[in-house]
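Student: With the hints as extra help, turn the sequences into a complete structure.
In order, the protein sequence lines correspond to chains F and P. In terms of the working numbering, the first sequence opens at residue 1 and continues consecutively. In terms of the working numbering, the second sequence opens at residue 1 and continues consecutively.
Do not rely on the hints blindly, as some may be mistaken.
[Unchecked claim] With a cut-off of at most 20 Å between alpha-carbon atoms, the simulated EDC-like pairs for lysine to aspartate or glutamate come out as follows:
#, chain 1, residue 1, chain 2, residue 2
1, P, K101, F, E44
2, F, K41, P, E88
3, P, K58, P, E88
4, F, K40, P, E88
5, P, K69, P, E20
6, F, K40, P, D8
7, F, K41, P, D8
8, F, K18, F, E84
9, F, K40, F, E84
10, P, K101, F, E56
11, F, K22, F, D85
12, P, K111, P, E64
13, P, K101, F, E53
[Stated by the list, open to error] Footprint (simulated), chain P over chain F, 3 or more residues, beta carbon under 8 Å:
#, stretch
14, 38-45
15, 102-112
None of these hints come from the bench; they were simulated from the model. Quick reminder that beta carbons are idealized off the backbone N, C-alpha and C, glycines included.
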Amino acid sequence: ETGVTQTPRHLVMGMTNKKSLKCEQHLGHNAMYWYKQSAKKPLELMFVYNFKEQTENNSVPSRFSPECPNSSHLFLHLHTLQPEDSALYLCASSQPGQGAGYTFGSGTRLTVV
Amino acid sequence: AQSVTQLDSQVPVFEEAPVELRCNYSSSVSVYLFWYVQYPNQGLQLLLKYLSGSTLVKGINGFEAEFNKSQTSFHLRKPSVHISDTAEYFCAAVRTGGGNKLTFGTGTQLKVEL
Chain F
1 ETGVTQTPRH LVMGMTNKKS LKCEQHLGHN AMYWYKQSAK KPLELMFVYN
51 FKEQTENNSV PSRFSPECPN SSHLFLHLHT LQPEDSALYL CASSQPGQGA
101 GYTFGSGTRL TVV
Chain P
1 AQSVTQLDSQ VPVFEEAPVE LRCNYSSSVS VYLFWYVQYP NQGLQLLLKY
51 LSGSTLVKGI NGFEAEFNKS QTSFHLRKPS VHISDTAEYF CAAVRTGGGN
101 KLTFGTGTQL KVEL
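Tutor: Okay, structure coming up:
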């Protein structure tokens with residue numbers, strides 16, 4: 001248990017489905033992140049939230065929609081995904097300062113069929 | 001902007017042998033440096049970090065790393081590896097005073113063999 005909890009751990013969805021990934025932390029962190037990790041590719045930063053405000057969208061397609069209702073929770077809403085969106089989606093949190101590093105969740109393994 | 005390079009995508013090593021995983025960074029300003037480990041089907045876990053002070057940093061699981069400013073490197077070492085060290089290792093950097101966005105390297109797969 002790392003302090004950042006992601007649910008579900010595994011998700012299989014069709015291209016026409018709508019689903020949501022959830023991330024929760026009770027570490028008192030005020031910054032939260034979504035990363036995409038595909039096989040044989042570097043970690044891709046998707047979104048950054050600082051104090052509930054989105055501060056970075058790394059040219060992510062609109063079929064991915066993040067939501068941060070408070071500093072402890074982060075969602076990634078998914079709709080009309082493509083097979084190439086299959087990946088491990090990692091959530092992380094940190095204090096806004098740079099020295100703490102990130103605390104990662106265990107990820108959601110997403111398969112789009 | 002900073003960048004992080006991990007030249008070795010895979011490093012095979014026998015159990016109880018020493019290992020070094022290389023990391024070089026490129027930045028015109030000061031950076032903080034990190035090493036993370038990822039076990040299969042898990043998220044990333046912080047191994048160690050360099051913020052300031054002593055250039056030799058000790059982390060969990062017997063790992064250590066040395067910050068070398070002149071060579072812009074932050075190599076990770078362990079004097080004797082174990083089978084359980086088999087995992088992927090990521091080096092990361094963030095510019096001091098410039099926000100909290102980490103830049104990750106592409107990772108090095110460490111495979112420990114009997």
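Student: Taking the hints in turn, state whether each one holds.
Tutor: Hint-by-hint comparison with the structure:
1. Proximity of P/K101 to F/E44 is assessed by CA-CA distance (about 12 Å); at most 20 Å being required, the pair is judged to hold.
2. As the CA atoms of F/K41 and P/E88 are separated by approximately 13 Å, the hinted pair is consistent with the 20 Å bound.
3. For the given pair, P/K58 sits about 19 Å from P/E88 by alpha-carbon distance, which is consistent with the 20 Å threshold.
4. Of the supplied pair hints, the one linking F/K40 and P/E88 holds, its CA atoms being roughly 12 Å apart against a limit of 20 Å.
5. The straight-line distance between the Cα atoms of P/K69 and P/E20 is roughly 18 Å, inside the 20 Å bound, and the hint therefore holds.
6. Distance check on the hinted pair: F/K40 and P/D8 sit about 13 Å apart at the alpha-carbon level, within 20 Å; holds.
7. Among the hinted pairs, F/K41 with P/D8 is consistent with the structure: their alpha-carbon atoms are about 14 Å apart, no more than 20 Å.
8. The straight-line distance between the Cα atoms of F/K18 and F/E84 is roughly 16 Å, inside the 20 Å bound, and the hint therefore holds.
9. As the CA atoms of F/K40 and F/E84 are separated by approximately 13 Å, the hinted pair is consistent with the 20 Å bound.
10. Taking the CA atoms of P/K101 and F/E56, the gap is near 9 Å; set against the 20 Å cutoff, the hint holds.
11. For the suggested pair F/K22 and F/D85, the alpha carbons sit about 17 Å apart, so the restraint of at most 20 Å is met.
12. For the hint linking P/K111 to P/E64, the alpha-carbon distance of about 18 Å falls within 20 Å, and the restraint holds.
13. At roughly 15 Å between alpha-carbon atoms, P/K101 and F/E53 fall within 20 Å of each other, so this suggested pair holds.
14. Under the rule that three or more residues need a Cβ within less than 8 Å of chain P, the assignment of the stretch 38-45 of chain F holds, with 3 such residues.
15. Residues of the stretch 102-112 of chain F with a Cβ under 8 Å from some Cβ of chain P number 7, which satisfies the need for three, so the listed coverage holds.
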